[in-house]
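Peer 1: The lines below spell out each chain.
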Amino acid sequence: MIPRYTVSELMAVAVSRELRDGDHAFVGLGTGGRAFVNAVGVPSVGIELARRRGLDVVAQYGVLYEPDLAHPPRCFADPYLIRWPAKAHVAVDEGLDTFRRGTITVSFISGAQIDPYGNLNSVAIGPDHRRPEVRLTGPIAQTDHAVYAGRTIIILPHARRTFVPRVDFISAVGYLGGPGDRERLGLPGGGPSVVITDLAVLRFHPVTRRMELESVHPGVTIQQVAEATGFEVVPPREVPATLPPSPEELRLIREEIDPHGIWLGGGAR
Amino acid sequence: MPSQTKLVSLEEAAEMIHDGDTVALGGHTLRRHPMALVRQIVRSGKRDLHLQGWNNGIDMDLLIGAGCARVVETSYIGMGHLGLARNLRRWAERGALEVYEHSETTAIDMFRAGSMGLTFLPTLTPVGSDLLRANPRLTECRCPFTGRRYAAVRAAEPDVALLHAHRADRYGNVQLDAARWNDSSLDPVIARAARTVIVTVEEIVEEDVIVRDRTLTVLPRSFVTAVVEAPYGAHPTACDARYAYDLDHLGLYYEASRSEEAFRAYLEEWVWGVPSHARYLEKLGPDRLRAITPREEDR
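One line per chain: the protein sequences are A and B, in this order.
Going by the working numbering, the first residue of the first sequence is number 1, and it counts up by one from there.
Going by the working numbering, the first residue of the second sequence is number 1, and it counts up by one from there.
These are computed hints drawn from the structure, not numbers from a lab.
Don't take each hint at face value.
What the hints assert, rightly or not - To give an idea of the chain B side of the interface with chain A (calculated C-beta under 10 Å), a few residues: (1) TRP54; (2) VAL127; (3) TYR245; (4) LEU247; (5) HIS249.
For glycine and all other residues, C-beta sits at the position ideal for the given N, C-alpha and C.
Bound-form chain A, shown alone (with noise of 0.2 Å):
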């Protein structure tokens, strides 16, 4: 019998199918709250899933690498994120640096919007830009993030506000108008690989580079995605479910790694 578990377990455990021996992953530590689970948790829990597979993964926590995943600080307050074990902490604009010199293979970023083409907007929502209709908190790094990182997971609640045709700034560049764009401008960095929802799994076709869906969560209907997208997002064919989590990749995560649900169940302030 599979035991019962939470989307964001479910994500989490998608993540770390995503990563590689090898990687060296990026996640911001900036986001707090609601957004929190989404930006950090969920690629942590993901990045150390994969660590005890048996994959060798760097992770960078913007100043920090490899923080001890499995030990988050309670409060991600200063007095105490200066506590939280780690390999090194280095200054901010050499941590951000490594963007820059290509060390970066995986990064996680998200957005207010993102389009087919995997273009993501943080920015501001309406078409004038000197006056929007809703003003968000900027590019942040997510810019340097979509250029530069070998690929990018982008995970996002998944709503029809925010899978629109079009953004209405780029604050960070997906596959741009669509093949070859990106090449065109000689961005180094490979685009994004994969879009993880708490509806689906979604990846960008090789030769198109349009955003398709690749699966759907146990219990969630292609209706219910297709419902959820501003855009034609279901392939002409078969789409399975996605793979759950196996009791032992629970049992790692609950016991293991998040028994305090810092990471995934919004423990942490």
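Using the hints provided, position chain B relative to the given structure of chain A.
Peer 2: Relative to the frame of chain A, chain B by itself:
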């Protein structure tokens, strides 16, 4: 010739800033922003400031909400886990504020270029994105050797840089504790790009303390115009191992920033109506300050 003292009051420091100045702010998200100086700028009614930073939060949001800013230039203005910066939202959405869109590294590069005395630095970061059309500091260029496509980041040359640090001597030799979170490691770079540098510190110490731990000096006095003693001067943002961000106060601020009227009431209660930093700390009270300060054995 003895070293010249650079110790001034918060009020004197704020008068080094003029209407229309480009003002760079140190710190990161909700950590180690020069908040005592920010509140003093609001009290002294500065206008039309062009604010620069690389990752900002309540520092810029407060100056925007108090009507001090005309342009903001950074990669992020948000309230961390609380959510969007609501003064930024209100002012940007009614077209009353110009925003130059930076990635973290293009913002870092504008300060790096300035600190090196260069007029620009090349980068690939904004290539292909809309940052190029929403930031006058970025433009396309080519590598003169290889012809490769780049973007140029124009150097920042702030009139004034405002930082908060852990300690300094009265001559302006500024130190950071070894126990620090390095997202604020850019502060000295920001300072070295600026003409006037004002640093508030948790404590003014004797010169021999600085000499004893000289590897902790991040800004020698040549780079510093003025130092101000302002304990808890980053409140309500965090100050590395010395104190955490004040979640209660940030929550109160966030609620108040929901409307123009409520925010004016906040400014009246916590800025305009509190004549000095010492009175601000009194108003917070010792219990509040104790609550955000880790016990000695936890540091």
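Peer 1: Go through the numbered hints given earlier and state which of them the structure violates, listing their numbers in rising order.
Peer 2: The structure conflicts with hint 5 only, although it agrees with all the remaining ones.
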